[in-house]
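*Asks:* Below, each chain spelled out in residue letters.
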Amino acid sequence: MPRSKTINLIFLTMLLMVSAVTCFGQSTTGTVSMSATVSKFVEINSGGSVTLTGNSGGGVTTDGVANSPLAVSINLGELGPSNTNSFVTASVPLKLRSNAAYVLSMSATVTSSGTSASKIGAADVGFGLGTVSRTGLGVNAGADTNATSGDPTLAANGSVNGTTGRYEFTAVRSNLNAFSSSTTALSGPIIMNAVPRSNTNGLTVPAMFAVKPQFFENGTTTISVTFTVTAP
Amino acid sequence: MRLRHVTYSLLFALIFLAFAQTTFAQALDISSGGQPTITGAVGGSVTGSALVTNDLVVTINFGEVSPLNTNSIVKVVVPIALRSNQPYQVAVSMSGLNNANTQAVQASDVGFGIQNMQLLGGAGQICNQSTHLIRSPFNNDPAITATVGSNGRVSYQSSLGNLSGSTIILSGPVLSKNNSIKRQQSDGYTFDAIFTLTPQFFASGISSATLIFTISAGPNVPC
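If you read the sequences in order, they're chains A and B.
According to the working numbering, the residues represented by the first sequence are 1 to 232, in order.
According to the working numbering, the residues represented by the second sequence are 1001 to 1223, in order.
Just so you know, the hints here were simulated from the structure itself, not pulled from any lab data.
Be a bit skeptical, because a hint or two may be false.
[As the list claims (entries may be wrong)] Taking lysine to any residue pairs in the SDA-like style, the calculated list, with each CA pair at most 20 Å apart, reads:
id, chain 1, residue 1, chain 2, residue 2
1, B, Lys1177, B, Thr1131
2, A, Lys40, B, Gly1161
3, A, Lys40, B, Ser1072
4, A, Lys40, B, Gln1106
5, A, Lys40, B, Gly1205
6, B, Lys1182, A, Gly219
7, B, Lys1177, B, Pro1219
8, A, Lys40, B, Thr1102
9, A, Lys119, A, Gly219
10, A, Lys40, B, Leu1068
Make the full structure from the sequences, and use the hints.
*Replies:* Below, the structure written as structure tokens:
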């Protein structure tokens, strides 16, 4: 066979091969691939209204609103001996939610206008987290670890110093001196099951602050507390 | 001489193959039905061809579906085109989404429904004796049928959890008017495959799945 004819045949063959392949352009299957990401999520909000007791004067300046960002302001009122109550206490409800194990930390600063050792200091402000509650639809059961000693007004958590006569909160992490830097107050496992954010349930716990009225040096004191929740 | 025989034999075989492909053009075809869309996503995306003559190859990234995504739902609409010169059925099979942690994203957390069966480009075979049947429970828009279940978790009328093996989702009579060997712009039907995922307090992690849509000869219903 002449070479030119052979070449033509080869070209024709190639053309038909391309044509044949083209005929397979249709398909009986198609694919849809999908992926989704769930990042760790934690949040802290107000768990509701603040309870202030034992105060003389003062009051809740900015109250907590359940499920809203926590931004509470409290005037504890008179903390000198003219307040004859045994303690001035403020209970601030917190609400935590997470899809992962969490750690609630707290840091506090106490500044007083006084100049002597008798001014109100961080150690004079009792603190503790109360009973942790995991209730409601969509809330995961789990055991939390309270790193504080609970209600600071409990007899087991403080007493009058036999030497100085000053009332002291003596239990573990029972006063703000233990939180001069960010320190763990509460930790635990995942809080929420797979429910939408519109579900408002969560873990609630009261943050309890207490001051024993005493012969403190006169002046004004400002206490600032910051709560931070993380998912390590 | 031998080369000539071989060449002619090959030539004949290819001519026959091309002829056969022309005469018995593939009767069943599935392809892209248009540009997929995504709404409500944070960091998500969907890729796929807008051309109905291209293969159905779609990649969905729902993005963030923890409460960090404050949208009520992430919704993806994937148009799919079908062509056939005979009764057909469409089946879907799934792989993946086998998280052991029940609080992580499960197949039942991904809503899946079929809507908007319509003529492809306004043309296709219109049959009066049979209808295109979306199999139960998939005839819904999962973004609309989403509800909060008794356990607080969002559920849907139909989801990927309703897929078991190769599950038929759609069937009906002939779809196309002609037997063209090429995908036509307007000779068949399209439908929307709708996927939804509601952001929730899922356990953290990355989940993935692959769905395979297959068109095959279906129940012999008249046109």
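*Asks:* Work down the list of hints and note, for each, if the structure agrees.
*Replies:* We went through each hint and held it up to the structure:
| no. | hint | result |
| --- | --- | --- |
| 1 | B:Lys1177 x B:Thr1131 | holds (16 Å) |
| 2 | A:Lys40 x B:Gly1161 | violated (25 Å) |
| 3 | A:Lys40 x B:Ser1072 | holds (18 Å) |
| 4 | A:Lys40 x B:Gln1106 | holds (17 Å) |
| 5 | A:Lys40 x B:Gly1205 | holds (8 Å) |
| 6 | B:Lys1182 x A:Gly219 | violated (90 Å) |
| 7 | B:Lys1177 x B:Pro1219 | holds (19 Å) |
| 8 | A:Lys40 x B:Thr1102 | holds (16 Å) |
| 9 | A:Lys119 x A:Gly219 | holds (8 Å) |
| 10 | A:Lys40 x B:Leu1068 | holds (9 Å) |
Violated hints for the displayed structure, listed by number in ascending order: 2, 6.
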